[in-house]
Amino acid sequence: MSADSQNIVFDNVSKFYGDVLGVNRVTLTIPPGITSLVGPNGSGKTTLMNLMTGLLQPTRGTIGVLGVSPNHPEQLFRQLGYCTQFDSFPRGFTGYQFVYSFLRLYGCTHAEAEEFTWAAIERVKLVEAAHRKIAGYSKGMRQRIKLAQSTCHGPSVLVLDEPLNGLDPLVRAEVIALLRSLAEEGMHIIISSHVLHEVDMISDQVVLLSNGYVIAEGKIRGVRGELDEQPMQVMIRCGKPASLAAKVFEHDSVVEARMHSDGKGLLVKTRDPDKFYLLLNQLALNGIGLESVVPADDDVNSLYEYLIGGEEPAR
Amino acid sequence: MKTLWFAQIAAILQLEMRKTFLSRRGLWVYLLALFPLIPFAGHSIESTIRGRPCDFGHDTNVYASIFQLLDLRVVVFFGCLGIFMNLFRGEVLDRSLHYYFLAPVRREILVVGKYLAGLIAAVTIFTTSTILQWIAMYAHFPSRTVLDYLNDGNGWSHLIAYAVTTVFACIGYGSLFLLTGALFRNPIFPAAGILIWEGINSFLPSILQKFSVIYYLKSLVPIDAQPNLEAPFALLTVNTDPVPAVVAIVGMLAFTLLVIVIAALQVRRMEINYGTD
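If you read the protein sequences in the order shown, they are chains U and G.
Position 235 of the first sequence, counting from 1, maps to 235 under my numbering, and the rest follow consecutively.
Position 155 of the second sequence, counting from 1, maps to 1155 under my numbering, and the rest follow consecutively.
Hints are not guaranteed to be accurate.
What follows is a list of derived Cβ distance ranges for each label pair [said to hold, decoys possible]:
(1) U/GLU114 - G/ILE1120: 22 to 30 Å
(2) U/SER88 - G/ILE1120: 22 to 30 Å
(3) U/ARG78 - G/TYR1030: 37 to 45 Å
(4) G/MET1017 - U/SER88: 20 to 28 Å
(5) G/LEU1013 - U/HIS72: 20 to 28 Å
(6) G/MET1017 - U/VAL127: 24 to 32 Å
One-sided and incomplete, this derived list gives chain G residues near chain U with beta-carbon spacing under 8 Å [to be verified]:
(7) THR1048
(8) ARG1052
(9) TYR1099
(10) VAL1105
(11) ARG1106
(12) TYR1274
Where chain G lies over chain U, by a calculated footprint (3+ residues, C-beta under 8 Å) [stated by the list, open to error]:
(13) 54-62
(14) 101-108
(15) 164-178
(16) 298-307
I should point out that these hints are in silico values taken from the structure, not numbers from a laboratory.
It should be emphasised that the depicted structure is a prediction, and the values quoted were computed from it without experimental measurement.
Here a beta-carbon is modelled for each residue, glycine too, at the ideal position from N, C-alpha and C.
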């Protein structure tokens, strides 16, 4: 089996809306697991998702989803589900009809469609509201019924555009747990979210976008490691931070050390984390009591700050 | 695979039929279809009340004229515009077209399914209207006269010919408006263009007349029109270069097939862009 048939591949893809840039020269390979698209409004996240699902045609370049072109919806949507950001539904539909009709279009018999519909609706906990019109649903319920529809046929690729929007904290946690379990089963999950700490919590890898360009991609720590110009921040909790600060400053890779406000920790910035961790090992062996050593800026939030920085984060 | 296509077309029909038959947006199509009943029913009621005898042949010619001038050129034309133009454009306005585009359905199948749904609705509504108008037209004649016309004259063949012409009008105009709705964001101007083209068709050179729906429909109607109709109505109803009915039917089906293929190609390239990113 070729790598292209196991991954989602963008090859030099550009999309222009007339003169307006959507995305430009995107070359990406997305492996299984949860991949988050992160970037401010208008950075091209939704464009990338719509290109992947054939709702938009690329101006240039090619896209393959597990080896299938988005130009073949009859094959693509047998293995892909897309929970879009569009908050509109076919007129007069109930939640049940929304999922059921999709399954009939998929080719299921009435009995199969009924079974899969209830299974999907149960998964998002909407059984009691299933026969109510979607027009009367709350934002969170609409989000959940879209999630049910996009997963009802058991796809191996799930594309979710802002799926946590409008969900209350309990359902958010349940959805995140559901996504994690689906990813562990080998599913590709591509998610765009504005909530960076949630992206951080659930993502295996990230794609950072800005103004239509991919500015970084990969596992969060890997991307962070490549940012040489930004010293790595390490938070060390210990009983004698002042003494520790004196010791670490002897090391030439340390560019800054700052006492924590509670006086029981030290925030160190280093240009060579590997050497710094070795130094910490030696200091620990020499009797400086270290309670914990935690990287302080290898999360999505920091990556966003370093790479996209001044741009207003999308809310 | 063939079974899957049928199942998918059946699913599309099920979804679309409710929209085309029962939507509030389509209410005016029913009113439009019922509109020609008014003069026929009015004529019948007036003749019955006044006890004024009517000439059967004259009324038959009047029906033929009104069928061509009002039914085909106005009622079915605008009715099909309302039904078929909305098949894709209506969904774009409702921002719900992505529901279909995200299903594992070939877009060509989607076009066929939607077209068939529109066709079933249009044929049901307008053929019923045609038959009701015909009944209303002859309602004031003694039943024996009408039965003689049906059984011994050309009554049944005329009625069937009017119904078939209505069906083919729906087939032809339906395909044109399906394509227009898929091609243009604002289809008002193209629709006006089609209306003008169909309207001036009778005044065009013979070769150009063949590139219109009305040309073939005029070859299907059983009676040309009232012979002493005034100009320019006479020109609109007279078929100066008629073709045999079978040629008209084959020509219309070929034209429809071509238009649907173009619509399918267009929908295959269609993007969903409701203006968000």
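So, going through the hints one by one against the coordinates:
For U/GLU114 paired with G/ILE1120, a C-beta distance near 26 Å keeps the hint of 22 to 30 Å intact. Evaluation of the 22 to 30 Å hint for U/SER88 and G/ILE1120 yields a pass: the beta carbon distance comes to about 26 Å. For U/ARG78 and G/TYR1030, the hinted distance range of 37 to 45 Å is satisfied, since their beta carbons lie about 39 Å from each other. In this structure the hint that G/MET1017 and U/SER88 lie 20 to 28 Å apart at CB holds, the actual value being about 21 Å.
A hinted range of 20 to 28 Å for the beta carbons of G/LEU1013 and U/HIS72 is consistent with their spacing of about 23 Å. Take G/MET1017 and U/VAL127: their Cβ atoms lie about 28 Å apart, and the range 24 to 32 Å holds. Interface restraint check for G/THR1048: the shortest CB-CB distance to chain U comes to about 43 Å, outside 8 Å, so the restraint is violated. Among the interface hints, the one on G/ARG1052 is violated; its C-beta lies about 50 Å from the nearest C-beta in chain U, farther than the 8 Å criterion.
Nearest Cβ of chain U to the Cβ of G/TYR1099: about 5 Å, under the 8 Å cut. The hint holds. The closest approach between the C-beta of G/VAL1105 and any C-beta of chain U is roughly 5 Å, which is under the 8 Å cut-off, so the hint is satisfied. Annotation: interface hint on G/ARG1106 holds; nearest CB of chain U at approximately 5 Å, less than 8 Å. Evaluation of the G/TYR1274 hint against chain U yields a held restraint, the C-beta minimum of about 7 Å falling below 8 Å.
Note: the segment 54-62 of chain U has 4 residues with beta-carbon separation from chain G under 8 Å; the three-residue rule is met and the coverage holds. Counting residues of the segment 101-108 of chain U whose beta-carbon sits less than 8 Å from any beta-carbon of chain G gives 6, enough to reach three: the coverage restraint holds. Residues of the segment 164-178 of chain U lying with their CB closer than 8 Å to a CB of chain G number 0, which falls below the three-residue condition for coverage. Here the segment 298-307 of chain U counts 0 residues with a CB under 8 Å from a CB of chain G, which misses the bar of 3, and the coverage is violated.
In summary, the numbered hints that this structure violates are 7, 8, 15 and 16.
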